[in-house]
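Going line by line, the protein sequences match chains A and B. Taking the numbering used here, the leading residue of the first sequence gets 1, the next gets one more, and so forth. Taking the numbering used here, the leading residue of the second sequence gets 1001, the next gets one more, and so forth.
The set of hints was computed from the structure by calculation and includes no laboratory data. Ideal Cβ positions, reconstructed from N, Cα and C, are used throughout, including at glycine. Among the hints, a few may not be true.
Derived lysine to any residue pairs resembling SDA-like cross-links, with alpha carbons at most 20 Å apart [unchecked claim]:
(1) K511/A with Y1140/B
(2) K511/A with G1089/B
(3) K511/A with D1117/B
(4) K511/A with Q1139/B
Simulated coverage check for chain B against chain A, where a stretch passes if three residues somewhere in it have a Cβ under 8 Å from a Cβ of chain A [stated by the list, open to error]:
(5) 1083 to 1091
(6) 1149 to 1163
Computed far set for chain A versus chain B, every beta-carbon distance over 12 Å [said to hold, decoys possible]:
(7) A141
(8) P185
(9) L260
(10) R358
(11) V451
(12) Q455
(13) V457
(14) T477
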Amino acid sequence: MPSEIRSTFDGSDPRERHLHPLSLLFRVVRHARGLLFPALAVFFFSRGQAWQIWAAILFVPIFAIDVFRYLTLRWRYDVDELVVREGWIFRSERHVPYARIQNVDLKQNVLHRALSVAEVRIETAGGSEPEVSLSVVSLAAYEELRERAFAGRAAAQAAAVAPPDADATYAPAAQPFASKREEEPVETLLRLSPLDVLLLGLHPGRGLAILAILWGLANEIGVLDRWHDQLPDALTPDGSTSALAGVAAILLVGGGILALFVLSLGASIVEFANFRLEAQGGVFRVRRGLLTHEVQTIPRGRIQVVTVEHPWLLGLLGRARIHVRTAGEDAGSDRAHRRGRHFAPIVRRERVPELLRRIRGELDVEHVDWRPLGRTAPRRFVIGGLLAAAPICALAIVLVDWMGVGLAVAILVWTVVVALRRGRRAAWSREPWGVVVRDGAFSTAEHATFVDKIQSVDWTENPLDRRHGHVTLYVDTAGAARKGHPDVSIHYLQRETAEALREDLVGAASKARFRW
Amino acid sequence: MEDRAEQDRALPAQAAPGSLSPVGATSIPPAFADGAARQLEHGWIVASLIGRLIVFAILGAAAFTALFTAFVVGDFDRQTFVVATASVGAFVVLVLVLAILWPRWEYDRAGYRIRPDRIEAWSGLVFRRSVSVPISRVQYTDVRQGPVQRSNGIATLVVHTAGTISSSVEFPGLPPDLAREVRDWLVAQTGSDAV
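Chain A with its partners taken away, still in its complex shape (with noise of 0.2 Å):
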């Protein structure tokens, strides 16, 4: 079978393909960034005597390995692999065959933009690190390597057997490199408007900015100080001096928040400007960036866990967003990854249910037969709320006082709010194509993930979940969650049916065949 398909799929090219020549350029200015303390140390404590001396021994080897790199790394294609040789002496040649490759990622900053060359990132299952780094490469290269490992991919992907219960959508992404020769349109899922970018500016956590600044507002007009003139004396004990400077602090504050929201709209506007998100065969792309252009390229079977989040003001305003998480990424180290990849950061309600079904045709998380956890649970929650708040509540009595006292009593019934919201609204359901999670109290997310993606299904119990009953369930997929803790995870279930549904789900998964 697979010697067949290679016939058809000749992508093969014994040619070895270099670094850009501006790589060296890049190297350079990255170490420079690096050196430049030791650079004015040496300056100014060499003070003109042999300076080139020191110069030489700190910065000639650094960029003498720096061209070494340059000249000794060289990839080709091979049949059914990438293969990227590195070195001289200490020789490495590393084989990435195109059937592992998750993602091929591009990066460019303005600098690269100027001189047309990117950064180009290819990630496998196994690791956290990214497989391949190739820093930097013409644009051309990038998408013949783009090309050349997704055609490569579907060779290898057809030459496979299909399950028997595949879904239609997958099937662009079997066919062979013939067909995948004749350019595949390219669609435009999804662009962010203008009022988009801004109101992702809008972080939830940031609408008490938006609360402070109506505040500072009210302030400006004067309403504050009428109302500041019938606060009882006990308040202000010196007069008229300390409302002055109550208004001082409040103006204070306010601009700094103000200054703080800025920065957050700034901050969204850099970093999703230009957003796009295209479908191309059975290939995603998500492009985005003002400066920094950034390209990632997320095949659809290979996502492990579908997020659809509904922040609470981004909520109000109709609006949700979409992660997707995939094998092979580290979702600890980089905050950008906490909570996987962009898929949607931003998107009409009624737009959901789409982009759900461009990801996999039969996912839906909207008309789902949600099962709620067990009457104990928003007890439970509230117990474990406030054992969470309970240190927190201490230390503000200890330190401030009566006041302390005050903002106990506000952490505790805030806390218990949030708790018994939570332990009401989380829900589960055992879908046809695998299963789906809800959590939060004011935020909502819904995670779901798919029969063939689950690679086990655990449960813990501390002490105080026996005295309830109660297990925690995770289920574990390929795609990177937080150490611990995985997107697919149900709080304070019921131990009796979280068996039944690790039962359930683990005899499904045993069946599904497992695609990378």
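For chain A, the structure is supplied; the task is to place chain B on it using the hints.
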């Protein structure tokens, strides 16, 4: 437990249950054909105890060294010295007793089950944990055996998956030959599953 495993192995190989698995190359080791929950080998208690005692000895020595150093360097009266030594001593004895009893208690709560389509393990006394891995998700397997384990006739089967939190699942306290048998069976199951 060991006796039962020996008996099962003496029986002729049972074929049927293996066919339930999706790949179904070879059948499940006959010792596990019943799919019942199993306890760890008794040797696990001793091995676990030895491990704990080694850690205890190191930490205990460190505690007393710190105590005596503090009294040599610092300027304390005799009474403080006696009280401190007695309380640290009592604490150390308590920890020692716990270290000795713990493996026994834990033994009653730990176990594993190997079925044609999944392998499961559970453990923990205060914080309990249970893992269930579908056979078709096993990427590769190790059998591990340290010197203490070897002298107590047990081995640890380690199952690796492509997952993140449970990317390697340990099955401690298996009889070594049975662990190897399970490993060979798992290799046969997963070998045909090309990605």
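Now the hints, each set against the structure:
| no. | hint | verdict |
| --- | --- | --- |
| 1 | K511/A with Y1140/B | holds, 18 Å |
| 2 | K511/A with G1089/B | violated, 57 Å |
| 3 | K511/A with D1117/B | holds, 8 Å |
| 4 | K511/A with Q1139/B | holds, 15 Å |
| 5 | 1083 to 1091 | violated (count 0) |
| 6 | 1149 to 1163 | holds (count 3) |
| 7 | A141 | holds, 27 Å |
| 8 | P185 | holds, 29 Å |
| 9 | L260 | holds, 34 Å |
| 10 | R358 | holds, 24 Å |
| 11 | V451 | violated, 10 Å |
| 12 | Q455 | violated, 3 Å |
| 13 | V457 | violated, 5 Å |
| 14 | T477 | violated, 6 Å |
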